[in-house]
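Chains as they are written, first to last, in this note's numbering: chain A, 17 to 282; chain B, 65 to 286.
No lab work stands behind these hints, which were simulated from the structure alone.
Note that this is a predicted model, so its numbers are computed, not measured.
Some hints here could point you the wrong way.
[Claimed, not checked] Derived contacts from chain B toward chain A, CB cut-off under 10 Å, selection only: (1) 78; (2) 80; (3) 82.
[Said to hold, decoys possible] Beyond 12 Å from chain A on every Cβ pair, some chain B residues (computed): (4) 77; (5) 83; (6) 84; (7) 124; (8) 125; (9) 133; (10) 166; (11) 194; (12) 201; (13) 235; (14) 245; (15) 264; (16) 267; (17) 280.
Glycine included, every Cβ here is placed at the ideal spot set by N, Cα and C.
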Amino acid sequence: MARTVAVFSLGGAPGVTTFAMALASVWPGKAGAVLLEADAAGGDIAAWRRLPTSPGLVDLAAAARHEQTPGAQALALLAHAQTLPGGLPVCVAPATAERAGGAVRLLSQHPRVLAARTGPAAVMDLGRLVPRSPTAQLAVAADTAVLLVHDDLAQLRRVKEAAAALAAGFGELGLVVRDGRDSDTEIAQAVELPVWGRVPTDAKGAAFVRGERAGRRPGRWPLLNAAAALARRLADGGATASAVAGPPAAVVPPAAPPAPTATGRA
Amino acid sequence: MTDRRDRSTASQAQVRLLGTGPRRWRWLGFGAALMAVGGLIAATAVGRLDDRQGVLVATGDLPAGHVVAAEDLKVADIGGADGLSVIPDDRLEETVGQILNVPVSEGSVLPNTALGPKAAYPGAGEAVVGAALAPGRFPASVRPGAQVSVVISSDSGTDTGGAQDGSGGQAFGARLQSFEEAEDGGVALVELVVDAGDAAQVASAAAAERISVVQVRARGGD
Numbered sequence: 017m018a019r020t021v022a023v024f025s026l027g028g029a030p031g032v033t034t035f036a037m038a039l040a041s042v043w044p045g046k047a048g049a050v051l052l053e054a055d056a057a058g059g060d061i062a063a064w065r066r067l068p069t070s071p072g073l074v075d076l077a078a079a080a081r082h083e084q085t086p087g088a089q090a091l092a093l094l095a096h097a098q099t100l101p102g103g104l105p106v107c108v109a110p111a112t113a114e115r116a117g118g119a120v121r122l123l124s125q126h127p128r129v130l131a132a133r134t135g136p137a138a139v140m141d142l143g144r145l146v147p148r149s150p151t152a153q154l155a156v157a158a159d160t161a162v163l164l165v166h167d168d169l170a171q172l173r174r175v176k177e178a179a180a181a182l183a184a185g186f187g188e189l190g191l192v193v194r195d196g197r198d199s200d201t202e203i204a205q206a207v208e209l210p211v212w213g214r215v216p217t218d219a220k221g222a223a224f225v226r227g228e229r230a231g232r233r234p235g236r237w238p239l240l241n242a243a244a245a246l247a248r249r250l251a252d253g254g255a256t257a258s259a260v261a262g263p264p265a266a267v268v269p270p271a272a273p274p275a276p277t278a279t280g281r282a
Numbered sequence: 065m066t067d068r069r070d071r072s073t074a075s076q077a078q079v080r081l082l083g084t085g086p087r088r089w090r091w092l093g094f095g096a097a098l099m100a101v102g103g104l105i106a107a108t109a110v111g112r113l114d115d116r117q118g119v120l121v122a123t124g125d126l127p128a129g130h131v132v133a134a135e136d137l138k139v140a141d142i143g144g145a146d147g148l149s150v151i152p153d154d155r156l157e158e159t160v161g162q163i164l165n166v167p168v169s170e171g172s173v174l175p176n177t178a179l180g181p182k183a184a185y186p187g188a189g190e191a192v193v194g195a196a197l198a199p200g201r202f203p204a205s206v207r208p209g210a211q212v213s214v215v216i217s218s219d220s221g222t223d224t225g226g227a228q229d230g231s232g233g234q235a236f237g238a239r240l241q242s243f244e245e246a247e248d249g250g251v252a253l254v255e256l257v258v259d260a261g262d263a264a265q266v267a268s269a270a271a272a273e274r275i276s277v278v279q280v281r282a283r284g285g286d
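Just need the whole structure built from these sequences, with the hints factored in.
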């Protein structure tokens, strides 16, 4: 069962923040999930939703240095989040890379605040992952990593070449593919990572997530529907088990967690 | 079975987010409409509080029979005049040119019943006679509207009609319509409303300066 999920990309702009926000907003269970915007390039959510940047990532990073007891660490993330209309708690990043990058670096040195075992799950929006960066260090703190990628040749090739290093770094890693006509199986074989879901381009859903339009049943829109499907799989712990990981003859077997179905359903 | 249930919950995933785009504008419009309605209500209430009415008031002493002119009238604003016999200011134009049935003193409100059309004055069976009275032939205190008795001295020998009194004079009931004292010598110019049948006699006596005016008690005051 995933408690901390990192969402990131390797290049392009596949909509990491939008997807991470959608994922957190549809996280199953009563406690739901809290969204941590830990994009070292600077955050968008505060501007989208017209929020102040404090409380937020900078305050959380500062608090992470001081909180020593596990209880205080567990509460730190929620304590520095702001609640959006609808009830989603969000810990927003400052808009500039200057301030956000510093906060991410500081937080990556004290990642225990992300490892709360009780309360809401944490969804981290990491933006673009650069090897050996503070973002990469922070990503390792997550139980599960979701790599969002456009279905185009350049992006998939980048993923393929980084796949081995990434798979070694994360406990669980899967792809979510944006758009494209290739089948999940083809992509999984090509990049040697399991495909956990597909997310179509959904202008309405993305505008809804950004707070630019209202909707009566947003859960039916493709973006949120895809996010909900992935959230349920991750929360149940059966992500890798039920995801398309290619045929049994996949070139490299996906990183299999120990008995995922058993632990997830327990 | 489980699969189907999963899929049905998938389409109705709980979303902990609200889009706030167009809805904000709707609320903004709703708020503006509410403010406009409130303003209208307030304006109506204030307008009703100040529900005063303009009524016609005499600018000077106006005798009975006076033809009302525009300069005789002014408009005064009073509140709560609904139940009173007043002439509202929107009837100003039709009031001008009408005739007063009763005298109205300066600053008084014109009663609704005080006016009659020109044709209705003098009333049926009445006649108006003018006369010049020498000093001593009228009480100095007499005022327009007073009920008077016109006494004709009998030195000319006329003795037809009228009430014969002991001194040989005749007396006719009359109403003093207007009264104007001339500056020189104290002669008073009066207009008398008399019975139409007596008019000729009173008029000829007046021409001969043989009449005196005696103030009597009004008939209605008996």
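Outcome of the hint check:
1. 78: Given a least distance of 7 Å, the restraint on residue 78 of chain B holds.
2. 80: holds (4 Å)
3. 82: Since the shortest Cβ distance to chain A is 4 Å, the answer is holds.
4. 77: violated (3 Å)
5. 83: Non-interface label on residue 83 of chain B violated, nearest chain A Cβ at 4 Å vs cutoff 12 Å.
6. 84: violated (5 Å)
7. 124: Its Cβ never comes within 12 Å of chain A, the nearest being 73 Å, so this holds.
8. 125: Given that every Cβ of chain A is farther than 12 Å from that of residue 125 of chain B, nearest at about 77 Å, it holds.
9. 133: Residue 133 of chain B is indeed farther than 12 Å from all Cβ atoms of chain A, at 72 Å.
10. 166: holds (75 Å)
11. 194: holds (90 Å)
12. 201: At roughly 99 Å from the nearest Cβ of chain A, residue 201 of chain B sits farther out than 12 Å, so the non-interface label holds.
13. 235: holds (99 Å)
14. 245: Non-interface label stands for residue 245 of chain B: nearest chain A Cβ at 89 Å, farther than 12 Å.
15. 264: holds (98 Å)
16. 267: Check passes; 96 Å lies beyond 12 Å.
17. 280: The claim stands: residue 280 of chain B keeps its Cβ more than 12 Å from every Cβ of chain A (closest is about 92 Å).
Checked against the numbered hints given earlier, this structure breaks hints 4, 5 and 6; the rest are met.
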